[in-house]
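Please build the complex by placing chain B on the supplied structure of chain A, with the hints as guidance.
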Amino acid sequence: MRADDMLPTADDAAAPGAPRTVMSEPDVARALRRIAHEIVERNKGADDLVLLGIPTRGVELSRRLAALLQEVEGVEVPVGALDITMFRDDLRHQPTRAPMPTRIPPGGVDDRVVVLVDDVLYSGRTIRAALDALADLGRPRAVRLAVLVDRGHRELPIRADHVGKNLPTAHSERVMVRLTGVDDAGDSVTIASGETRAGRPSTPGGAR
Amino acid sequence: MRHLLSSADLTRDDVRMLLATAAEMHDVQRRDVKKLPTLRGRTIINLFFEDSTRTRSSFEIAGKWMSADTINITGKGSSTSKGESLRDTVMTIDAMSVDCVVIRHMASGAAHQVAQWVDASVVNAGDGTHEHPTQALLDAYTMEQRLGSLEGRRVAIVGDLTHSRVFRSNAITLRRLGAEVTLVAPPTLMPSGIRPWAERDGLHLTDDLDAVLADGPDAVMMLRVQRERMSGGFFPTPREYTVGFGLTRDRLRALTDANPEAVICHPGPMNRGLEISADAADGARSLVLDQVSAGVAVRMAVLYHLLAGEEVAA
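Protein sequences appear in the order of chains A and B.
If you're matching positions, the first sequence starts at 1 in the working numbering and goes up one per residue.
If you're matching positions, the second sequence starts at 1 in the working numbering and goes up one per residue.
If we strip away everything but chain A, and leave its shape as in the complex, we get (with noise of 0.2 Å):
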């Protein structure tokens, strides 16, 4: 028996199979608000910082950080996104999709702070492979994690150092963050119960 059996499972209340939201738009900006806060006080001010997101909701949410460090602490801090499609442990699993853009911003990534930004953190394998492609780029001086929801299930012994929500959840639950930018609704993260497709839980896009 694994311990996720015992956690709480979808609201009884709800049909089965019907999402609910655990996010609405007000908590997202507050989560990110949060991070930002978080992101400098760690770091002991937003100097030598870099964000890159993981496409292709980590490219917002990065953005997103980096208005909010301007707003906060006054410095523009560089923004790209790094992408790990063919840096992935699965991909003899699934079909072959084309890879997003790696973009780094022009001052590189050598002893600098990175920090990746993703939006679900699930069984780690996606910031495994992130932290691959970021060893071919440079060498940063430390690098750092921030997601926006942290589902539990690791699979690597890997943890984020700036979570917005804890979410706990079932295997068989499917979490799916929406954002203004990306998706055509406005920023939420809902959760459904379901079947994740067996074997694949860290594939990239709206569910996970």
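Please note: incorrect hints may appear among the correct ones.
[Claimed, not checked] A few chain A residues that don't get close to chain B, going by computed Cβ distances all over 10 Å:
(1) 71
(2) 95
(3) 96
[Stated by the list, open to error] Partial chain B-side listing against chain A, Cβ under 7 Å, derived:
(4) 17
(5) 20
(6) 21
(7) 24
(8) 26
(9) 29
(10) 33
(11) 193
(12) 309
(13) 310
Since the hints were made in silico from the structure, they are not lab data.
Yeah, the Cβ is synthetic: ideal placement off N, Cα and C, and Gly gets one too.
Using the frame of chain A, we list chain B on its own:
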């Protein structure tokens, strides 16, 4: 996708996906560390029965940059020169459990034939006068990098169409991307039986290069005069070919007068002074070296989509 044998096998969406992947691979090529772990543990054999500089080396580099093991076998120096048949050579290679065979062969249809024999993925790197699909992809990629979307763009393909696998694959791929394609060749080098294809796929045919250039096409692709495939009689003298169908200095001026943004492609190797002048080959409008640079990125994209994903049942 299991094999890449013909440009006709690729839908518009397939082409779009390969070109989008190539664009990201091109970025990797500009980094200090040009290595991705994606094809670690995969083995690729480059089986080349015809001479090649850029295609073979770019397939080898593409495989290596994606961490595959690549091995080159050429017709000369293999057991083929001892009289081994193509089938025996290929079956020998397949018995070593390779994942991909990249093949260039002088016989049209060789890649299709090999794909029936082996378990490995097969990439056609040029089969006789039939097709050369990765060349068409890299030409489309290079043109898009300079011109933006090829939808509605006018591309002229000029020269020895009869012996050109590059033109056949290019005409298909360019039409997939919505370009207007005009084929220019002396009547003796216009393939027999091209009309039904041209009518079906909307290819324009002509033997008047000057009229095409005066019209200001967005891209002009000059084809190599393939002396090794010619058994005489296609044109009286090289000089006469140049006068009628070479991209000379005067024609280059006519082209840039009609369309200052026009670009010039050549799949290489070039016969300078025959089908293309030095001014055209080395000028600011020439994409010849961009094409070579794109070749590696496009072949990385092809190998990735053929070899990295879910195993397809044979």
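Outcome of the hint check:
Every C-beta of chain B lies more than 10 Å from that of residue 71 (chain A), the closest at about 31 Å, which supports listing it as non-interface. Residue 95 (chain A), annotated as away from the interface, has a beta carbon of chain B within 10 Å; the closest lies near 5 Å. At roughly 4 Å from the closest C-beta of chain B, the C-beta of residue 96 (chain A) falls inside 10 Å, breaking its exclusion from the interface. This hint holds: residue 17 (chain B) has a C-beta 5 Å from the nearest C-beta of chain A, less than the 7 Å allowed.
Using the Cβ-Cβ criterion of 7 Å, the hint placing residue 20 (chain B) at the interface with chain A is satisfied: the shortest such distance is roughly 4 Å. Hint status for residue 21 (chain B): holds, given a least beta-carbon distance of 5 Å to chain A, under 7 Å. Here the hint on residue 24 (chain B) is kept, as its CB sits about 4 Å from the closest CB of chain A, short of 7 Å. The beta carbon of residue 26 (chain B) is not positioned within 7 Å of any beta carbon in chain A (closest approach about 11 Å), and the interface hint is therefore violated.
The beta carbon of residue 29 (chain B) is not positioned within 7 Å of any beta carbon in chain A (closest approach about 12 Å), and the interface hint is therefore violated. Interface hint at residue 33 (chain B): satisfied, since its Cβ lies 4 Å from the closest Cβ of chain A, which is below the 7 Å cut-off. The criterion of a C-beta within 7 Å of any C-beta in chain A is not met by residue 193 (chain B), whose closest approach is roughly 36 Å, and the hint is violated. Hint on residue 309 (chain B) holds. Least Cβ distance to chain A is approximately 4 Å, under the 7 Å limit.
A cut of 7 Å between beta carbons decides the hint on residue 310 (chain B): the least distance to chain A is about 5 Å, and the hint holds.
Checked against the numbered hints given earlier, the structure breaks hints 2, 3, 8, 9 and 11 and satisfies all the rest.
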